[in-house]
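Here the protein sequences come in this chain order: V and A.
Start counting the first sequence at 2; every next residue gets the next number (the working numbering).
Start counting the second sequence at 566; every next residue gets the next number (the working numbering).
Quick caveat, the hints were computed from the structure, so don't treat them as lab data.
Model, not experiment: these values are computed from the prediction.
For every residue, glycine included, the Cβ atom is placed at its ideal position computed from N, Cα and C.
Among the hints, erroneous ones may be present.
[Stated by the list, open to error] A few chain V positions that, by computed beta-carbon distances, are all more than 12 Å from chain A:
(1) V14
(2) G29
(3) C87
[Said to hold, decoys possible] Straight-line distance between alpha carbons at most 20 Å, and here's what the computed EDC-like set of lysine to aspartate or glutamate pairs gives:
(4) V:K76 with A:E701
(5) V:K90 with A:E756
(6) V:K90 with A:E701
(7) A:K953 with V:E35
(8) V:K3 with A:D918
(9) V:K3 with A:E701
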Amino acid sequence: MKFLIALHINPAVLDALTDAEKEALGAGHGQFIEALQASGELIVTQALADPSQAAVVSVRDGQPVVSDGPFLEAKEYLGGFYLIDCENKERAIELAARIPDAAIPGLGVEVRQVMFAAGPLEA
Amino acid sequence: MTAAVPEDLLRELTPQVLGALVRRHGRFEGCEDAVQEAVLAAAVQWPDSGVPDNPRGWLLTVASRRLIDEIRSDHARRERESATAFEDAALEVAAGEAPGTDDTLVLLFLCCHPALTPASQTALTLRAVGGLTTAEIARAFLVPEPTMAARISRAKQRIRGAGSSFSLPVGAEREDRLRVVLHVLYLIFNEGYTASSGSELDRVDLAREAIRLARMVHAQLPADGEVTGLLALMLLTHARRAARATAGGDLVPLDEQDRARWDRRLIDEGTGLAKASLASPALGPYQLQAGIAATHADAASAEETDWRQVHALYLILERIAPNPMVSLNRAIALAEIEGPRAGLALLSTLDGDERMAGHHRLLSVRAHLLEKTGDPAGAYELYRSAAKATASLAEQRYLGSRASRVRPG
Chain V
2 MKFLIALHIN PAVLDALTDA EKEALGAGHG QFIEALQASG ELIVTQALAD PSQAAVVSVR
62 DGQPVVSDGP FLEAKEYLGG FYLIDCENKE RAIELAARIP DAAIPGLGVE VRQVMFAAGP
122 LEA
Chain A
566 MTAAVPEDLL RELTPQVLGA LVRRHGRFEG CEDAVQEAVL AAAVQWPDSG VPDNPRGWLL
626 TVASRRLIDE IRSDHARRER ESATAFEDAA LEVAAGEAPG TDDTLVLLFL CCHPALTPAS
686 QTALTLRAVG GLTTAEIARA FLVPEPTMAA RISRAKQRIR GAGSSFSLPV GAEREDRLRV
746 VLHVLYLIFN EGYTASSGSE LDRVDLAREA IRLARMVHAQ LPADGEVTGL LALMLLTHAR
806 RAARATAGGD LVPLDEQDRA RWDRRLIDEG TGLAKASLAS PALGPYQLQA GIAATHADAA
866 SAEETDWRQV HALYLILERI APNPMVSLNR AIALAEIEGP RAGLALLSTL DGDERMAGHH
926 RLLSVRAHLL EKTGDPAGAY ELYRSAAKAT ASLAEQRYLG SRASRVRPG
């Protein structure tokens, strides 16, 4: 089963971390990635550029209109993600709990299942 | 000049060559890599050079050389001499191995080792027994090749760590391990149904591959009722393949399928096997599910289905392998015999079951039965909840359309 683990970031929370805490956060992600690569459960992971750099694209009367992002006005934004392929939802949650963000109040680690195209076996 | 290499020849030979190599040398991990390389070499060379007179011997020789290279680089600094001794032994096995020794079953038992997760068991089985490349397996499961390579390599390390011997387990352990093997084949078959239908052209047909592997096991264990039952279940399910979705990819439920499009040849074979397996002294879940599928296949239309027989088979299945999903299916059969309210009453017994809480199948079956009792408002809400709960896009579309159909004005 494939899951997207979305990392919701609050910049105020990140800024308040000490240098040592920031370092531990980075190292924690490094270890997490290594473990997932070795187990064959990692599909891809990416960190996203700051939302101040985002462009929101819409088409009105056939004309593209581009405005500065982000689309959602919120304290938190999507900072990055892990796309994983693992046994079941329990395993995805177990893995998500190992992401260092999960231990920091104010940062959100959200597990979302990826949909698949065809149907299951009929009865 | 390019000669055609008979389809599946390489994949049929893969487990035989691997079995011969492991039987001689142990070292499943190294042998598996060597055989994979030999198979790749054959896939490149045979179309030009033609298939050798003894393809099995060719593969065994090439794989043995690869294994020697591997051992040599391992031992280069330490044990030069033993590598030479090993080389002689390896070439000897390549020349002297009697053809026809079938280690398929032993390999399957090894690949489906209980120390592995089901995902690893399926990946390793497809590579070591199915003869698929890592790239093919990765495409079949829609993951990048490095992800699948890591999974396979981890699986092989685990097997080495578990200190498994290359022999068939005996007694009760053999029975337990065979159940795992059958479950893995079942998972491979299911993956063929649930995987993306998007870019099917370059993907291996996993359902067909699972049937091929199940046939191999059946050839080795023709008297095992569950092996026969699983093969029958696969054939009978596969027979409906052309009818189970519209050209646009929308799901067609069993009762609305155009039965003229079911594959008669597969149904005949599957029904024959299902009947044979149901005659065996102890019944297992695959035999019963095959029996149910055969009952459906027997009916010219949904209305003519022998629901009493379907219900009776589910009742036995519920007894020998209790599972809320089985009870759910029995509720559908019961509703056909005694009416939707009887089905709903049986469904209500599942409400306390944690495994079924919010499950889309429970929601959608209940919605269907409510619709039949003349409660479109209740059915509408449940169809919508079911559509939210499923992870299948096709099923979500189907449930969405059912909801629209009963939407209160």
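Quiz item: Between V:K3 and A:E701, is the straight-line Cα distance small enough, at 20 Å or below?
Solution: OK: V:K3 and A:E701 at ~18 Å, within 20 Å.
Quiz item: Quick one, are V:K76 and A:E701 close enough, alpha carbons at most 20 Å?
Solution: 44 Å, violated
Quiz item: Are V:K90 and A:E756 close enough, with their CA atoms no more than 20 Å apart?
Solution: Given pair V:K90, A:E756 holds - Cα atoms ~17 Å apart, limit 20 Å.
Practice problem: Decide if the proposed pair is consistent with the structure: A:K953 and V:E35, CA atoms, cutoff 20 Å inclusive. | Solution: 34 Å, violated
Quiz prompt | Satisfaction of hint between A:E701 and V:K90, Cα-Cα up to 20 Å | solution = Judged against 20 Å, a Cα distance of about 26 Å means the pair is violated.
Quiz item: V:C87 clear of chain A by more than 12 Å, beta carbon to beta carbon?
Solution: For V:C87, whose nearest Cβ neighbour in chain A is about 8 Å away, the distance does not exceed 12 Å, so it is violated.
Quiz item: Does the claim that V:G29 lies outside the interface with chain A hold up, using a Cβ gap greater than 12 Å?
Solution: 20 Å, holds
Exercise. Taking the shortest Cβ-to-Cβ distance between V:V14 and chain A, state whether it exceeds 12 Å.
Key: At about 31 Å from chain A, V:V14 clears the 12 Å cut-off, so the statement holds.
Self-check item: Given hint A:D918 paired with V:K3 - CA-CA distance at most 20 Å
Solution: 25 Å, violated
This entry does not satisfy hints 3, 4, 6, 7 and 8, going by the numbered hints stated previously.
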